[in-house]
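Asks: Chains as they are written, first to last, in UniProt numbering: chain S, 1 to 839; chain Z, 1 to 617.
Among the hints, erroneous ones may be present.
With a straight-line Cα cutoff of 25 Å, these simulated SDA-like cross-link-like pairs (lysine to any residue) come out [what the hints assert, rightly or not]:
hint, chain 1, residue 1, chain 2, residue 2
1, S, 724, Z, 360
2, S, 710, Z, 390
3, Z, 354, Z, 435
4, Z, 355, S, 818
5, S, 816, Z, 502
6, Z, 90, S, 608
7, Z, 93, S, 606
8, Z, 119, S, 818
9, S, 609, Z, 435
The hints are simulated quantities; they were obtained by calculation from the structure and are not laboratory data.
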Amino acid sequence: MACYTANWDPLGEEAFYRKFELYSMAWNLKEDLRDCLVAAAPYGGPIALLKNNFRKEKSPASRPLLEIYSASGVPLASVLWKSGQVVQLGWTASEDLLCIQEDGTVLIYNLFCEFKRHFSMGNEVLQNHVREAKVFHTEYGTGVAILTGAHRFSLTTNIDDLKLRRMPEVPGLQKLPSCWAVLSQDRVTIILLAVGQDLYLLDNTSCSVVTPPGISPHAGAYVQMAVSFNYYYLALFTDTGSIWMGTSSLKEKLGEFSCDFRAPPRQMVWCTRPRSKQRAVVVAWDRRLLVAGNSKECIQFVLDEDSYLVPELDGVRIFSRTTHEFLHEIPEASEEIFKIASMAPGALLLEAQREYEKQSQKADEYLREIKDQNLLAEAVRQCIEAAGYEHEPETQKSLLRAASFGKCFLDKFPPESFVRTCRDLRVLNAIRDYQIGIPLTFAQYKQLTIEVLLDRLVLRRLYPLAIKICEYLRLSEFQGVSRILAHWACYKVQQKDKSDEEVAHAINQKLGDTPGISYSEIAARAYDCGRTELAIKLLEYEPRSGEQVPLLLKMKKSQLALNKAIESGDTDLVYTVVLHLKNELNRGTFFMTLQKQPVALSLYRQFCKHQELETLKDLYNQDDDHQELGNFHVHSSYSSEKRIEGRVAALQNAVDEYYKAKNEFAAKATEDQIKLLRMQRRLQDELDKPYVDYSLHDTVYSLILDGNHKRAEQLYRDFRIPDKRFWWLKISALAEREDWEEMEKFSKSKKSPIGYLPFVEICMKHHNRHEAKKYAARVTPEQRVKAHILVRELDQAADAAIEHKNENEMNLVLSKCTAATDSSVVEKINRAKAQILKK
Amino acid sequence: MAFAGRRDAPDGPDFTVLKRLARDQLIYLLEQLPGKKDLFIEADLMSPLDRIANVSILKQHEVDKLYKVENKPIVSTSDQLCFLVRPRIKNMKYVADIVNADKAMGRSRKYKIIFSPQKFYTCELVLEEEGIYGDVTCDEWAFYLLPLDDDLLSMELPEFFRDYFLEGDQRWISTVARALQLLNSLFGPFANTYGIGRCAKMVYEVWRELVEESEGDSQARRPDISHVFLMDRDVDYVTALCSQVVYEGLVDDTFRIKCGNVDFGPDVTSSDRSFKVLLNAQDKVFSEIRNEHFSNVFGFLSQKARNLQTQYDRRCGMDIKQMKNFVSQELKGLKQEHRLLSLHIGACESIMKKKTKQDFQELLKTEHSLLEGFDIRESTSYIEEHIDRQVSPSESLRLMCLLSVTENGLIPKDYRSLKTQYLQSYGPEHLLTFHNLKRIGLLTEQAPGETLTAMESKVSKLVTDRAAGKLTDAFNSLARKSNFRGISKKLGLIPHVDGEYNLKLPRDMAYVFSGAYVPLSCKIIEQVLERKGWLGLEEVVRLLNGNEFAPTEPLMEENPAWEAQRVILVVFLGGCTFSEISALRFLGKEKGYKFIFLTTAITSSARLMDAMLEAKV
């Protein structure tokens, strides 16, 4: 395969570099790159150009034009620049474009030239103007460093959490430094700057002079510096054409190269990769490109046009008006396989597979050779790995075919790596397509992760491709397809040219009830775009009411929110809305709203009962609910009022309300209660005994118990106590008092409305059989048996039962008999029963 | 009622896992507050807590002292206070008082509130209003279900009844749904869900949403429980209002069983101290008599006593070896049984004494005539006398309610006079109690006023959206008609027997009420299970005010080998009585079902009435 290594260039003993074309640019650029401000995002990201920026005259026809292209030069968007003078462009980690203006204002645009927001780098920058600026990425996010006209540095490490830091002054700095760079060491961001032959390190508090180890004293003044992608390495270019390479901590020197050109290069960047053998820098002049490492020789390329270098994790991208190329060090696996006359197992396997396809027996020879060394597994591994590094699908395929072929002769080769590589390559090939234009390498892709890649596709609104990838990689719906659909929907709601119905319908059609889709989030986006009606329509699709409510509240659709909250059956949610309404509406409207929602109303009442009694009263008042108002007053007469006058007043209020409620019963009962309370107080005063809070019954009872029969009688008349109750009450009280005389007198006062059996019962209850017997004689014939049993006169009970010829009664008597003492009674009854039977 | 192919009821699932889960979570929560701490427990939670974790477990996890949450200043000296409470506003004020008092004294401590079973927004709101939101940390102890017995799970939320049915406060709905989902995840998936009642429907809907949210992580597996039946308490007030005559119910009515425990006082234990007895299937004596009609219990106990005696008597004539064996193996069991036996005999005696005093037979007779709808006048006079003699405030109220519910309201004259009598006897504050009873539909006036219908029409005009059904329902429930007479006729709730009902060998569920009445709630469940739905019960459903539901998909094929198909979870929203449990246990035995009971709390007529009282502070 001689042709394969044609574009390989050796650098020193160990490493090869190659440069190959990614795309021929589709952008038809008229201008030279040098006339534009350029910024290209790493990880195969988009390219931003600001044209006409340097023209001094500001005629409307020559306004600067901001254009954004994919890495393949496909235009994504453009916008006429109407803001201030831009000093620097840069991309954030989330692929937003930062436009740093001379006045220190940073404007943020998305991929499609849509303005997102802006922030300022502070007053000092505003006054002294931005002279130079750099955008950098650290673990904190995307940062911006500014060099002002006062030769001072200001920076922020994270533009999403803006904290401006003004770096200390560099002593004696009278002009702009010749070059500078931002370093990140041990999570501290520092600035390295060169003034002539001196290097200064600026950290938060101090400025110190540093010297790179091993640099020749005659190296000259520094004109250019480069920091590697991972901040580990630093390269310095001096005006004598010497390049110093070392660690960015300035503790170690890696190498030195002396080149023939002394002109300050346009750009200098590192070209390394993880685990690379050789660390090299790429230096670009107008028409020349040079790769230099720790070796005497270097690689040189001629540049036909203005080119722009984009450092990547594992190489350098170089784009110009017509092409976009990638320059990188050949990874070990590829080198082993493709190096001319390589006998590495992978190389042999590839050869074996080719012979096999030609149906040549040489296949077996090659295979045997690998197997003899017991290296087949290694060979397969090499082929799989190398396939990942290849850009051309054809080469990828042949390597994978070789791996697959080799696998057949292995017993236990785990298939995962093969399958994974196939899948990943398929994804990579899809996104490298020039229509998509994301030239990610395998290593970059692994570093970026699939999730971020999907985000980037979503950002480019490449929803179908993203979904295809999710499906192809079998990502869970929740983090895959659903998320993308949700993004799509959020984009969809911004399409102002479609009606609300159309958009809502289209979204629902596509999303259906895919798990993990939050319609409320989409609705929130619609609301943010000012499409309230659309938001409401979308919320209808949201199955979880709990999710609908907060947004509805935000949109001030409180009525609807209340309905939804009630539907959800979640009372916490209802309370949230109710209390929100309480603050939002005036009291009257608030109450009116509640009246229409019984569920919410009862919840709010429950709350008021414990927390805001007065509000409760207002609620009833508002609704003219006189019944509840009456109850409210009655309740407060027991709970909150302690003094009799207060209680009477509360009850009087209750009476009024009850009348208004046309509840005469309650009104009368309450009036009676007022009367009773007053009476009780009088009794309390006169008799010096507590009566208040007794029921009427208990009051009378207690009066009788104390022998106050007159007063008892008076209450009996005043409150029209029914005769039956009064009799029950009086004989019970008298019995308790054991006032048998009075009881007898009372029993004879008139005919008892409750009969005389209760007298018997009560006397017996108080164990006075003697008295009981008196009344037993007076009970009606029907109750006689019972009465006799009560006073334990079974003989007479039996007589009465026999007299009545009532078998039930006879049985009742029998059941009370005990064999030992009442045999005569038993006999008597049995005789009588027998007689009845005879008849 | 012999059933062809009568099968033995399968065993129910083992619920001890619920206790374990609750215990583990509580321990975890306690350890979230490391170091020594004092624990303040709300009175209602003490008994349930005791069943989950005893004091020594709490001590192991650095609980220093235990206090009851009560309205007086605290004496704790600990630097960390932990409150284990129900999510009630008054508890928040209690905590706020403590925190604010500490603040005033410049004392700083750590405070943690553990809400059981969940936190409510209002609680946080009150904490905020009291200005202590930042001073306390809040946690939830998801202790939804306490297994009171092998087949009985209680949420121990007696306030559910009043909150939902009287105040229209739905906050417990999601709690019940979560409890249901817990069971579903442990013993489900439940295949068929039936139910009746507005609350049942809401619980069902909220539960379904929970199921859908958690779908995906539930593997298809064989359920231990396949059927669920949800029922609102207000579907059947009658049963809950009747005097209980099955032993367990009677013990509850007489002594009040609390959280599965009953305190037998000195009159039962015939000693000078009282015993706390755990009543469940583990109690050998109790488990045999709990579901029996009281009239059988005494006979059974004396038989048991005789058996016990003979077993003791076997000692005579044993040789040494046998005796050794007897002492080491049997004696302990016998002694235990002996102790239990004497306790239950004591309880029986005590019950008999109390019940005969109030002329229990007469009371039952009145109840039975009310159920059958005979001699209404006489029953009314009986109730009146009951009130006049101040027999018992809650008993009197219960009888009034029973009269009202069975008769579809009292006639206006009686309504007024009974209420007047009641107020005179038991105090005027019951005016509010009557208002509550009217609102909930337990004590109403016949010939419904126009106000309600007017209100309804007003509401239905207002309503245009999806909440429509719910709105009108809300109003319906405010004063629903009971239609008991019609339902009773349709379902044959009053058995017609020639001669005496044999309580020793009962033939239907009516035995739990001496053969006079088949409990309505249980009858509905029986009918629906038999018909596999509500088909043919349309008229009954209409009389019960609807809101029924049944599985929409075709039922699973009956698989006789699949035991779980005969395990049925019955959920009572608003409480169930021991009589209902006994009746369904009987039905289960007859038909080869195993019923599992989930109730918001055990209830009884007295508890029902207590819930209607307006607290007199």
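Asks: Hints first: check each against the structure and report whether it holds.
Replies: Status of each hint after checking the structure:
Between residue 724 (chain S) and residue 360 (chain Z) the CA atoms are separated by roughly 22 Å; this keeps the pair inside 25 Å, and the hint holds. Between residue 710 (chain S) and residue 390 (chain Z) the CA atoms are separated by roughly 23 Å; this keeps the pair inside 25 Å, and the hint holds. As the CA atoms of residue 354 (chain Z) and residue 435 (chain Z) are separated by approximately 31 Å, the hinted pair breaks the 25 Å bound. As the CA atoms of residue 355 (chain Z) and residue 818 (chain S) are separated by approximately 22 Å, the hinted pair is consistent with the 25 Å bound.
The straight-line distance between the Cα atoms of residue 816 (chain S) and residue 502 (chain Z) is roughly 24 Å, inside the 25 Å bound, and the hint therefore holds. Annotation: proposed proximity of residue 90 (chain Z) to residue 608 (chain S) holds, straight-line Cα distance about 12 Å (limit 25 Å). As the CA atoms of residue 93 (chain Z) and residue 606 (chain S) are separated by approximately 15 Å, the hinted pair is consistent with the 25 Å bound. As the CA atoms of residue 119 (chain Z) and residue 818 (chain S) are separated by approximately 64 Å, the hinted pair breaks the 25 Å bound.
Between residue 609 (chain S) and residue 435 (chain Z) the alpha-carbon distance is near 17 Å, which keeps this suggested pair within the 25 Å criterion.
Of the numbered hints listed earlier, those contradicted by the structure are 3 and 8.
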